[in-house]
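Student: The residues making up each chain are set out below.
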Amino acid sequence: MANAVRIVLFALAAAFAPHALAQEAPDALVKRVTQEVVTIIKSDPKVQAGDQARIREVIESKLLPNFDFQRMTALAMGRNWRTATPEQQKALVEQFRTLLVRTYSGALNQYRDQTIDFKPLRADAAATDVVVKTEVVRAGQAPVQIDYGMEKKDGTWKAYDVIVGGVSLVTNYRDEFSQQVQAGGIDGLIKTLTTKNGGAAK
Amino acid sequence: MMRQGQIRRVLAAVALVAALGGCATTNGPMSKVDPFEPWNRAMYDVNEVVDGKIFKPFVQAYVDYTPKPIQMVIRNFFGNIDDAFSAINGLLSGKLDSAGNDMGRVIVNTLAGIGGLIDVASDAGIPKGNLDFGLTFGTWGFPQGPYLFVPMIGPTTVRDGTGLGVRFYFSAVGYIPDVATRNVLYGIGAVDLRAQALGAESLIDQASLDRYTFIRRAYLQRRLYMLYDGKVPPEKEEE
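So the sequence lines, in the order shown, correspond to chains A and B.
To convert, note that position 105 of the first sequence is 105 in my numbering; the numbers rise steadily by one, no gaps.
Residues are numbered in my numbering as their position in the second sequence, beginning at 1, plus a constant of 1000.
Hints are computed from structural coordinates only; laboratory data are not their basis.
What you are looking at is a predicted structure, and each value in this text was computed from that prediction instead of being measured.
Among the hints, erroneous ones may be present.
EDC-like cross-link-like pairs, simulated, lysine to aspartate or glutamate; straight-line CA separation at most 16 Å [claimed, not checked]:
#, chain 1, residue 1, chain 2, residue 2
1, B, K1068, A, D113
2, B, K1128, B, D1229
3, B, K1068, B, D1192
4, B, K1231, A, E135
5, A, K196, B, D1210
6, B, K1128, A, E60
7, A, K133, B, D1229
8, A, K31, A, E135
9, B, K1056, B, D1178
The task is simple: from the sequences and hints, build the whole structure.
Tutor: Structure representation (structure tokens):
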């Protein structure tokens, strides 16, 4: 009997082991994705020519799958998140996501010959919420720390905050969002975001 | 006499910082951090005109049409002076590693980099410290005081603004006896400083819903991060 249990357990362990082995550590994930994007920026002629559509495509396919926009939006909304209806929440996530993609493609445009250092992760192996640290080194200027707040959900790591030189994206938007909600309610915030995204379109 | 007057001025500044700072916490609710918001927003609007319509286009032209190597030399020259002040502040605030690096940078760049025109130290991998008097006052326990937006200077706080005043008072360029040379150098320094902010600014335009709010929070987050050397205690972070 005990033997049978052991065999079943072993079989289960074996079944899950490949998954566990294939699972990428959060710092390895950040490094791989960053290097992939940098390689594309440096080699893709369309990106080099500043083709916005192509840059957005790169962001959509490479970066976005690794972000948890639901969590990001909820954090930026703070206590207003729970008062929003599911439809409002969906609209907020969608618009916030669009805004960040636009901002990020602008940031990529400014990318020059900078090197990125990846710091070793200092966290418990069992941790499900970590900060992955990287540093962008530029000639003649102080290095800029870019950190990623990451959470493990259903076995995969996703980023929910980007902290540039100590400035947390989520914290920064918390002020902006609460100000808009105070002025015009949650629908007011959705409207502002939508206008901002539409207004920036070509 | 002269010295007494100076001491009195410094004491007055310290008292002002203490008085204004008493009513504000580090990063708390915005009404506390920014009690002068209506005034600051008015100053922000003034800055949009003075800076946005006049100074910024001029600086943009400088960035676009001045040969890059010349811009680099100018950046390095003023960067070298910054490093010297950063070294002093590293010593004053007990951040000795940083002070050591900055002193090394100044020595290397002044001697091997032709008086600071070439940033040899960065190539050698000696990091810049970027410390200033505002941060030093912070490590001494001075409260940051209310947030301020000052035309042509931008976001600051009473503490950081006082730091800027101290820096300006001891400014290296101020020791140049020839007034015309001195003013030209002040001017170039201001253009160079403004040029450094151009890149970040286009990002803020893209990212922000309300620029004033966005800049305020980003500034306060950044300063807190610098004050704690990147290791901000968790209770200070949240509201």
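Student: Against the structure, test the hints numbered earlier, and report the numbers of the ones violated in rising order.
Tutor: 6 and 9
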